[in-house]
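A.B. asks: Protein chains in written order, with this note's numbering: chain A, 1 to 641; chain B, 1001 to 1858.
I should point out that these hints are in silico values taken from the structure, not numbers from a laboratory.
Heads up, none of these hints are tricks.
Mimicking DSS-like on lysine-lysine, the simulated pairs with C-alpha atoms at most 25 Å apart in a straight line are: (1) Lys1812(B) to Lys1731(B); (2) Lys1016(B) to Lys600(A); (3) Lys1016(B) to Lys1066(B); (4) Lys1126(B) to Lys605(A); (5) Lys383(A) to Lys1263(B); (6) Lys1080(B) to Lys1144(B); (7) Lys1080(B) to Lys627(A); (8) Lys60(A) to Lys1407(B); (9) Lys605(A) to Lys1080(B); (10) Lys572(A) to Lys627(A); (11) Lys572(A) to Lys1080(B); (12) Lys1546(B) to Lys1570(B); (13) Lys220(A) to Lys202(A); (14) Lys1080(B) to Lys1066(B); (15) Lys1016(B) to Lys605(A); (16) Lys1080(B) to Lys600(A); (17) Lys1263(B) to Lys387(A); (18) Lys1144(B) to Lys1126(B); (19) Lys1261(B) to Lys383(A); (20) Lys387(A) to Lys1261(B); (21) Lys60(A) to Lys1418(B); (22) Lys1350(B) to Lys60(A); (23) Lys600(A) to Lys1144(B).
Just so you have them, the derived chain A footprint on chain B, three or more residues with Cβ under 8 Å: (24) 1086-1096; (25) 1125-1138; (26) 1370-1383.
Please read these numbers as outputs of a predicted model, since none were measured by experiment.
Don't be surprised by glycine CBs; every beta carbon is placed ideally from N, CA and C.
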Amino acid sequence: MTREEFDAHVRQVEQQFAHHPQALRVRLIWLAALGYAGMLAWFGTVILVAALFLVPGLGKPLEDGWLLLLIGGLILAFGGWAVARVLWVRLTPPEGRVVTRAEAPALHGMLDDLRHRLRAAGFHRVIVTSACNAAVNEVPRLGVLGWPRHYLQLGLPLLESLSAAELRAVLAHEFAHLSARDGRISGWLYRLRRSWDQIFEKLHQPYVQGAVSLRPLLVKFIDWFWPRFNAHAFVLSRVNEFQADAVAAWAAGPEPMAGALFRIDVYDRLLSDRFWPDLWQRANREPAPPSGVFDQLRTTLHAGPSPEESTKWREQAFRIVTSNADTHPCLTSRLRAIERLPEGVSEGVFPPWPPIVEPSAAETLLGAALGPIRVDVEATWRKDCGKAWTERHARAASLQHRLQSLSQAVPDPAADVDSLWDQARTVINLESDAAAEPLLRKILELRPDHVGANFCLGRHLLEVGYDAGQTHLERVIEQDEDMVAQACGLLHAHFRRTGRTDRVREIEARLDRHEAALAASQTERSNITAADTLIPHELSAAELEGVLALLAAEPEIVAAFLGQKQMRHFRKQRLFALCLEVQRPWHRLPDRDFERTMTKRLFGKVRLPGRVLVFAPSGSFAALARKLRTVPDARIFSRTK
Amino acid sequence: MPSTYNGIGTHYYGHKNSETRSATCHSCGRAANLESYDTRLWFVVVFIPVIPLGRKRIIDQCPFCKRHYAVDADQWETSKQLNVSGAMERYQSDQTPETAMEAHQQLLNFHQNAEATEFRREIEEKFRQNAKLQAYLGVALSGKGMAADATQYFQRALELRPDLPEARVGMALDHIRNNRLAEARKLLDFLETPGAVQLYSLEPLETLANAYQRAGQHEEALQLYHCLIEALPHAGQISGFRKTVQKSEKALKRKETMLPKRKFSWKNFFGRNQQRSAKVPVLTWRGLAILTGLIVIGVSIAAVRNEYVRRHRTLYIVSGLKEPATVEIRGVGTMRTSARAEGMKLGEGKYHAVVSGPLREEFDFEVRTDYWDRFSGDPVWVLNVGGSALLLESHVTYQRDSPPPPKLVPHFGRPFEKIEPITHPFVALPETIRMESNQRRTLSHLDFFREPPARMITYFQLNGRAADALRLSEWRIRLQPEDEEALSAFTSLAAPKRAEEVLRAGLQRRPVKISWHRIYQNLHRGREWNTWLAVEYDEMLKAEPKNSALLYLRGRIASGPGESEQWFAKARDADPKNPYPHFALGFHRAAVGDWAGARPMYARAVELAPAGAEFSEALFGCRLALQEYEPLEKELRAKLASQPRDFQTASHLVDVLAAQERSTEAAGVLTTYSKQVQSLGAENARLLTLALRRQFLYSSGDFAALAREAASDRTPAGRNALFTAQVELGKVAEAERVHPIDEPKNSDPFHFIAMSLAWIAAGDSKKADPWLQRGLQLLAAGSGDEARAVALFGPDAVPTAEQLQALGLHPKGKAILLAALGLLKPEQRKMLHAEARRLNVDRSYPYQLVRRVTAEQR
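Assemble the whole structure, with the sequences as input and the hints as a guide.
C.D. replies: Shown next, in the form of structure tokens:
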């Protein structure tokens, strides 16, 4: 199912069940049952096939029925193993610093209070991570069959940037997903969707390339089933998100909830767009990850962004639109839903940057444990990124070497697009698109259609907020079909950030069309048979002149027919079929070797504006030749005696 | 790949448009000139092409392992033309180095070497100033094994762009080939920088290091190996790489190695890590398709076989009748029965059978098995005309040592039967079969039972299968009323009422079956029964007054010996060739101890009916009494020489020798006999030998040995032998435990009287009394002679010689009776015991007891 189809499906479900949430739940329960049945049917099939042997075998004395029992047993054992292997998907639990009740009684006290108020299931573990986020993670013990463990992930940056009241709102939102307050079924369906999403993604990965697995068959079912379930569950999940926000506002107050949503959004941008990129730039110089990173992070949070950054990120936070790529609605929608959308947002007046509150949720709720937790989180971060850091450092050294050799080796790089492009790529790899901008512009001066340079410059310009980047990316899309997906991806992200919903939809539709056409086009271009639709060649006399001269120079050729295949994808591409009839006495069989030599010789010389197949009307080409003769104006050459 | 088996299969014929290129084989990994060519695939028989299976383009056939890719030739041609022309068209419309490289690459991909060469010449000039294209051409030629030609392109690229990695690597490899290692290292210096592995392949560095090693420049080699280990730590765990590094370290006599410590891994331990990708068995879809194909073929063969079996069943038609019958199976055919089983082929289904000839019957039957049984079962369907044939199903186990006795199941009396499993229907089982020493196999056999049915009845009786014996004996006497053994077995096994019904139904049958009537007469004991029988037989005699058989039978139930003798005489006169009157008259002589008088009459009976076991047994007893030991021994030895496995003859010889107290010779007879009967099978031999041995031990008076031997035998025969030994050893109390006084079904009065003798002989007259009273009670309820005998035991009775003469009892029973009477009547003891000794001739139990009791009283 394409994005466009999925969006249409979601819209249809939204319209169909707009005022019937109960009907949507019922529909989803049926779909969930179908999903389970589709997965468990494998076991049923194995048991059924095994029973075909076991039942007659059990009805006989052992000396007569042993073979049937053996076959049935083998089917049961191997079939069961194969099915279990297909269905067995192991999701690893999230890693992080576990925060115990003894360490942080205030945090656990808040969690207990919320759990009781919201009649929600508890968490098996509370862990602190390095991300600026809070999430409930569900890890099913039995793979597709469920029985989950719940993990609450709290990002240390989040704890450092929110107040205790705001964190309470965030936690209330997470609890609401596990709560019975708004119906266990809705919560179960919400979690089932998230769980299946992860599992089905894993199921698409084969165990061993080329090895036999029943998994592709299961994947076929999933490919049919999942978009349908997901479209319904998506609508319910989005409703669930709004409900969770409402519950959080009820439990913690609407102001803290609104404050938390806004703060998380903009502080996440501060960290992901500035703090972390700046930190990783240090890998070019420093061989190991620096120490005190989370202290620096805290300092950055307190210092806040520059005025330009503040303006940009606040605007992006409020302008970004909801998409069907995520069940979470956009910030504006969420604030509007809890009736806390600041005035003036629709007119482009955004609230000021929210300063860090003192004391932070981390200080209030973790208390004395904050220090050790921060140290542990940093240690985990260092461990996790240590290898990547070292590799990046080494890579930087190699890139520096390459850059040096490039500047030494090419006396006048401006004259050579290739060396300029090599330099630009090296700089991008070493630093950023911004650093390579002058080089990219120089390349485009020399070769305006240079795909790589257009792509990188377009990416950079969109990143810094210049619409001019669109032009470069459009050029890429026009030039190189292999780069369409990447260029559209950049455009999609840009339009979403800037709140241009119409362009987002357009890009999604374009991507869908491209993806569908790409595979089909490759097949279409690589073959021609009698089953294809053939149309006249539509070549001018001048274009045909060369071909006719070649044909005339071959005395054995008595006739030639030319047509082209009607292309359904990438209509600009042309594929010609040229059939040669060779002189032969009526009583002689076709001389295949001679025909082949003839076609081979001519193929090397024929030049037409597209792909060409030169063939003789024999063997498997006979049907194609017959069809080609029926195409109007196909006969381009006849030798008269 | 095509393959043939014994010249049948698929094979390529033809070899055109051949092109070769130097590359590494994808299958065996060897560097070789891989060949591509057009050919045709054929289905071949004895390598003669029979069916064309299409033109093929063989791609990259390795000259060593012969592995290759094969595609349809026309598809290959289409794909080649479309891809090449597409790339060329792009180049024509936009002549850039990138499109030129793409077009050239397409020509190489489709092995258009000539065109590629021509095109290369065109573009190398056109883009002479483009370093990347020049380097690409170098790489392309290197890939085709044209390293020398490639060098010029690398050289040119390097001149244009000294930084270009492809050009530096290409030139470096050329230097390495020409042993200019320092120049090569200079060019590859960028690979030695940290992090280079993330941007480039370090393979050229390893090539250079190996070259240094070969050149003996181990210091440089180790420097490069160090770089490789730094960049690729995993390399330090690979055995081949470790060995290479260690070689240089050894050459430099380094004490410390740069190699990391090897991590233990079971895969390494078992040498699996090196060729994992090549050796790990992976079931591919192709493999699965082949497997599925084989399974489908196997299932198809099984299904066809199943259907064939269903349509080709054999119905065996058998008959035990003397005259042949005609059997018609509607819709199949007609067949006449014979002495052997006739097979009729038919498919499974419902049928109607019509039997005509000696008997007429019609019935429906069904030949059917379930689907799975056709694979594993061995059923046999038998149409048994009138249920007349006696078939024996035997399951015989074959094993090297001591195979168990076969399991035997009789089949008779049913007109149609399905019997399974039968592996050998109506064919002999093999004597031996070849198998592993520890293996055992069971074959099942079905065939006519060719021996007299009485043997099977006896077998069942001996093995405690009384129900089988009864069923078989009843079936037998209905079919063959003259079979005396079957008849007697039937009467002993059947409930009295049932036996009387069956026997009475046969009384009117003519000619009169004497044995049948005798058994009928013996069904009950007592004067009332005899009186009733006399009325019945008088009625019969009215209708047939001259019927010798009826006259004889009437004599058997006469009120006294005198009357009996008259009837027997009449019977003899009515038919002098009827052996029974002779035998009966002889019996009368024997009953009074007139053995000399009895002998000619017995001899006449034997002469008239040599097969009559009762007659010959009586004559033997008579001759034994007359002590005709010498002629008897001579006759018996002669007979035993001709019939060495005949039990009766051996038994008689043992008695004759024991009577002469020639125990050693009797034991010799036993030994010889046990050897002779081994051929009858181990179990049969054991049973026969045991029976003869027990007789020998008793006859020769070795009761202790008899007791020892029977102690652990829980069979009825074993318990009887133990009882006998204990009685003779004076352990009467132990004997009583084997056969207690209130033992059900024991109604032989002489058994009880013999036990009273035993108690008296053991010195306990008190315990003897109940036994005697029980015996006398039974005797009193018996025939007239028996009732008269009881009267002699009265306290006031004084038995006279005349009274004893008038008792028409069997000599053996009479001897027991007189021995007991002698103990009770001390005044007449001498006379009574003398008479008892004269009658005590039969050497079976209680011969020795009677002998002992009468001897003591002497």
